[in-house]
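Visitor: Sequence:
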Amino acid sequence: MKKTIAVIFGGRSGEHEISIRSARTVIEQASAEDFQVVPVGISPEGKWLSPAESLKLLPVDLQQNYRYKYGEPGENRLAMLGDAGLGGLVELCEDCGKACPTHTLNIDVAFPVLHGTYGEDGTIQGLFEMADIPYVGCGVLASSCGMDKAFMKTLFRDADLPI
7 MKKTIAVIFG GRSGEHEISI RSARTVIEQA SAEDFQVVPV GISPEGKWLS PAESLKLLPV
67 DLQQNYRYKY GEPGENRLAM LGDAGLGGLV ELCEDCGKAC PTHTLNIDVA FPVLHGTYGE
127 DGTIQGLFEM ADIPYVGCGV LASSCGMDKA FMKTLFRDAD LPI
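Residues 7 to 169 (this note's numbering) are what the sequence shown spells out, left to right.
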């Protein structure tokens, strides 16, 4: 059975565009035989997008290849809540003018490709931990420490590691 991977990219950092390029590589390299890939973009303002909107952020050739491998992406916006009972991303329906949770898209693993603030600083990792969603990469503490260069140098120095 295929594992569902949410590739989460973009975000509210100055490295938004670099994150999109990184997501392209991850999505291109994922095996369609083993994985169902769900693209989840986050706008520079912090709005989580639908898979269809997210796919439009990527190059046209990748969009075509994605549709060939995985079919049409979902139209509903996605969001992650810190609720361990949900088991995935919440689909939002905005037809009524409000964001109303309507359905949960179960995911096996989150693959954050967010760079800089909110992506590499432990923030998104903390959300994954609260939601009990397995994820790729460093945990909350390692991400947070690694983002603070001055603190990281102190840790290296205290461990007698060269700086």
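Think of the hints as simulated: they come from the structure by calculation, not from any bench.
A few of these clues could be false.
[Stated by the list, open to error] BS3-like cross-link-like pairs, simulated, lysine-lysine; straight-line CA separation at most 25 Å:
1) K75 with K8
2) K8 with K53
3) K75 with K159
4) K75 with K62
Visitor: Each of the hints needs a verdict: does it hold here or not?
Guide: Consistency of the hints with the structure:
1. K75 with K8: 13 Å, holds
2. K8 with K53: 28 Å, violated
3. K75 with K159: Since the Cα atoms of K75 and K159 sit roughly 44 Å apart, the hinted pair is violated (cutoff 25 Å).
4. K75 with K62: Holds, at about 16 Å.
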